[in-house]
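*Asks:* Here is what each chain is made of, one letter per residue.
Number of protein chains: 2
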Amino acid sequence: MSDRTRLTRLRERGVENREELLDFLAGQFIAHLAVDAGGYPVALPVAYALDREGDQLYVHGSVGAGWMRSAPGSPVCVTVTSVDGLVLARSGFHHSMNYRCAVVIGDARLVEPEEERARALDLVVDQIVPGRVSTLRANTRKELAATSVLAVPLAEASLKRREGGVGDEPEDVEAGTWAGVLPLRLAAGEVETDPLTSRPVPEDVARRAAELR
Amino acid sequence: MSDRTRLTRLRERGVENREELLDFLAGQFIAHLAVDAGGYPVALPVAYALDREGDQLYVHGSVGAGWMRSAPGSPVCVTVTSVDGLVLARSGFHHSMNYRCAVVIGDARLVEPEEERARALDLVVDQIVPGRVSTLRANTRKELAATSVLAVPLAEASLKRREGGVGDEPEDVEAGTWAGVLPLRLAAGEVETDPLTSRPVPEDVARRAAELR
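Protein chains in written order, with the numbering used here: chain A, 1 to 213; chain B, 1 to 213.
Mixed in with the good hints, there may be bad ones.
Note that the list lumps identical chains together, so a pair holds whenever it fits in one copy or between two copies.
As the list claims (entries may be wrong) - Calculated lysine to aspartate or glutamate pairs in the DMTMM-like style (CA-CA distance at most 25 Å, straight line): (1) Lys142 <-> Asp172; (2) Lys160 <-> Glu112; (3) Lys142 <-> Glu169; (4) Lys160 <-> Glu16; (5) Lys160 <-> Asp36; (6) Lys142 <-> Asp23; (7) Lys142 <-> Glu156; (8) Lys142 <-> Glu19; (9) Lys160 <-> Glu211; (10) Lys142 <-> Asp51; (11) Lys160 <-> Glu53; (12) Lys160 <-> Glu20; (13) Lys142 <-> Glu16; (14) Lys142 <-> Glu211; (15) Lys142 <-> Glu112; (16) Lys160 <-> Asp55; (17) Lys142 <-> Glu115; (18) Lys142 <-> Glu114.
Calculated from the structure, these hints are not laboratory results.
Sequences and hints are given; from them, build the entire structure.
*Replies:* Spelled out as structure tokens, the structure:
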């Protein structure tokens, strides 16, 4: 937590508990990475992994991705958002979202050692489907060379959350207008097995699909 | 489309059709807004609305939100992402996501006229639940004064998409490893009516919930 990630408003929505932040980051798998692309910011979705040991996030992209090339050595922002519901209040003004949002700001480091890059990519795959890496062949050196990995320290990080019901004006409640919450979550459909395999869905994938059902 | 939003890689994932971009922006309701917060970028989730007539996006926040205060007059990035699936390939390297992602880069304009601000906020509510504005009282002048609205032109915008199945190496396919896709979508649960009302769920909300089921 620093001046850059300290919440300037609605502090009651800030979550001070570090474990809660880490658990949230462990449970998601999509981030938006914002970088200064040379006079203007660009934010794009990326896969990421939480590295608890190293107290950092790994973000991966292609070496060919120009917008990521300016990131190393510069401050970047990694934002992980879960949209948890639509808060449908009795006035437009009080409409809101339930959400959890982690914001990490730090200097991005280009991960150079091949060994660390290999570990980071394994963490990214296991963040998507825990246990999957152990069922796959290792990445080749050529594959590792074709992938950029950024590390972003978790030193400056905060978690913000809105949950619960509507917060309406008493006169709008008296007027009898309907209000409520529509819960939302990222949900999985049925696993679509590739036609080129006749194997059954592996256990790790089935478990992940069930968690996200 | 400009140099800033032109895709530098995987051009086959770029979607040149402007109508497709607008339809995508019309169907979503969460964006990540990235701004230069003074030497470092910050991206945060926001509600937004597509203004087809004005060929722009409206983004709204609180006047108290410090990070949005530096946006007017500066280039910002509005990124709208739909995560459509996990692409679980036969190697870590070929793991991917199915997604659609619109990126809009432009100078943010603080919307000053009260009338335009009122219209913009109505568009934001109707983007979340189409038709809802007509069932609510109008925002008060006090409420309008407490809300900042940014307009971002759609002149520089692009849509990128990945869809379909895995793209594996022939030797991994021959090895017989399982692969497949786990479809994902933002899905609604049951509407939770506020305990302070006994009215039935309005038609617009029921329709939206059914669309997102």
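*Asks:* A separate judgement is required for each hint: does it hold in the structure or not?
*Replies:* Do the hints match the structure? See the list:
1. Lys142 <-> Asp172: For Lys142 and Asp172, the Cα distance is within 25 Å only across copies (15 Å; inside one copy 63 Å).
2. Lys160 <-> Glu112: neither (32 Å within a copy, 29 Å between copies)
3. Lys142 <-> Glu169: Between. Shortest inter-copy distance 13 Å satisfies the 25 Å Cα cut-off; intra-copy 61 Å does not.
4. Lys160 <-> Glu16: within (9 Å within a copy, 36 Å between copies)
5. Lys160 <-> Asp36: both (23 Å within a copy, 20 Å between copies)
6. Lys142 <-> Asp23: Neither. Shortest intra-copy (33 Å) and inter-copy (39 Å) distances fail the 25 Å Cα cut-off.
7. Lys142 <-> Glu156: So Lys142 and Glu156 fail the 25 Å test inside a copy (34 Å) and across (35 Å) alike.
8. Lys142 <-> Glu19: neither (37 Å within a copy, 39 Å between copies)
9. Lys160 <-> Glu211: within (23 Å within a copy, 28 Å between copies)
10. Lys142 <-> Asp51: Within one copy only: 24 Å inside a chain, 46 Å across chains, cut-off 25 Å.
11. Lys160 <-> Glu53: within (23 Å within a copy, 34 Å between copies)
12. Lys160 <-> Glu20: within (11 Å within a copy, 33 Å between copies)
13. Lys142 <-> Glu16: Neither way: Lys142 and Glu16 sit 42 Å apart in one copy and 32 Å across, limit 25 Å.
14. Lys142 <-> Glu211: neither (34 Å within a copy, 44 Å between copies)
15. Lys142 <-> Glu112: within (14 Å within a copy, 54 Å between copies)
16. Lys160 <-> Asp55: Within. Shortest intra-copy distance 19 Å satisfies the 25 Å Cα cut-off; inter-copy 32 Å does not.
17. Lys142 <-> Glu115: Intra 13 Å, inter 58 Å, cutoff 25 Å: intra-copy only.
18. Lys142 <-> Glu114: within (11 Å within a copy, 57 Å between copies)
Hints 2, 6, 7, 8, 13 and 14, counting from the list given before, are not met by this structure.
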